[in-house]
Amino acid sequence: MSRLDSFIRRLSAQRDILNAIIDLVEEVEGPVLEFGLGNGRTYDHLREHFPDRRIIAFDWEIRSYSSSTPPAENMVTGNIRDTGQAFLGINAALAHADIGTGHDEIDAVTLTWLPQLMAGVLTHHGIAVSGLPLEHPELLPLPLPGGIKEGRYFLYRRK
2 MSRLDSFIRR LSAQRDILNA IIDLVEEVEG PVLEFGLGNG RTYDHLREHF
52 PDRRIIAFDW EIRSYSSSTP PAENMVTGNI RDTGQAFLGI NAALAHADIG
102 TGHDEIDAVT LTWLPQLMAG VLTHHGIAVS GLPLEHPELL PLPLPGGIKE
152 GRYFLYRRK
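Every letter in the sequence shown is one number past the one before it in my numbering, and letter 10, counting from 1, is 11.
There may be inaccurate statements among the hints.
[Claimed, not checked] Below, computed lysine to aspartate or glutamate pairings styled on EDC-like, alpha-carbon distance capped at 20 Å:
(1) Lys160 - Asp24
(2) Lys150 - Asp99
(3) Lys160 - Glu28
(4) Lys160 - Glu139
(5) Lys160 - Glu136
(6) Lys150 - Asp17
It should be emphasised that the hints constitute simulated quantities derived from the structure, not laboratory data.
Given the sequences, and given the hints that come with them, work out the whole structure.
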């Protein structure tokens, strides 16, 4: 498969999962966290589906389109591994992380801290959506929506 086709399938899986979990997230109180703002596409999608939720975005720096940039009080810049620690216990309803690089050695390092961060920011029964697998005893894998290949994107509920 070409890298372009792989990218399209990954983004389609991301969108399909986010659309499928709207009702699950609505059942849980708390903010939404977006780890990896990038150009703001996913943030904009989350904002559209959760207009009454506080959505806090994290990234090294702001590189998003101006129309897809959170207000300053909901934008956290710096190393997500470090800045995310201040949000442990925030009791988020949803945490989404699309911070994989496609480089196994870099992603392996991310996986030493990302599962703990995701579990730590979520409330009881909160939802985690990630481009990387999250092995953590507090995160229970959920079935993916139909049509999404296993291993393409990952979905969990916090115990």
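For the pair we were handed, Lys150 and Asp99, check the Cα-Cα distance against 20 Å.
holds, 17 Å
What's the verdict on Lys160 and Glu139, does the C-alpha distance respect the 20 Å limit or exceed it?
Holds - the C-alpha atoms of Glu139 and Lys160 are around 5 Å apart, at most 20 Å.
20 Å limit on alpha-carbon distance, applied to hinted pair Lys160 and Glu28
holds, 15 Å
Hint check: Lys160 vs Glu136, CA-CA at most 20 Å. Holds or violated?
holds, 13 Å
Straight-line alpha-carbon gap Lys160 to Asp24, limit 20 Å
The given pair, whose Cα atoms are some 18 Å apart, holds under the 20 Å limit.
Restraint check for Lys150 with Asp17, where alpha carbons must lie at most 20 Å apart:
holds, 12 Å
The structure fails none of the hints (numbered hints given earlier).
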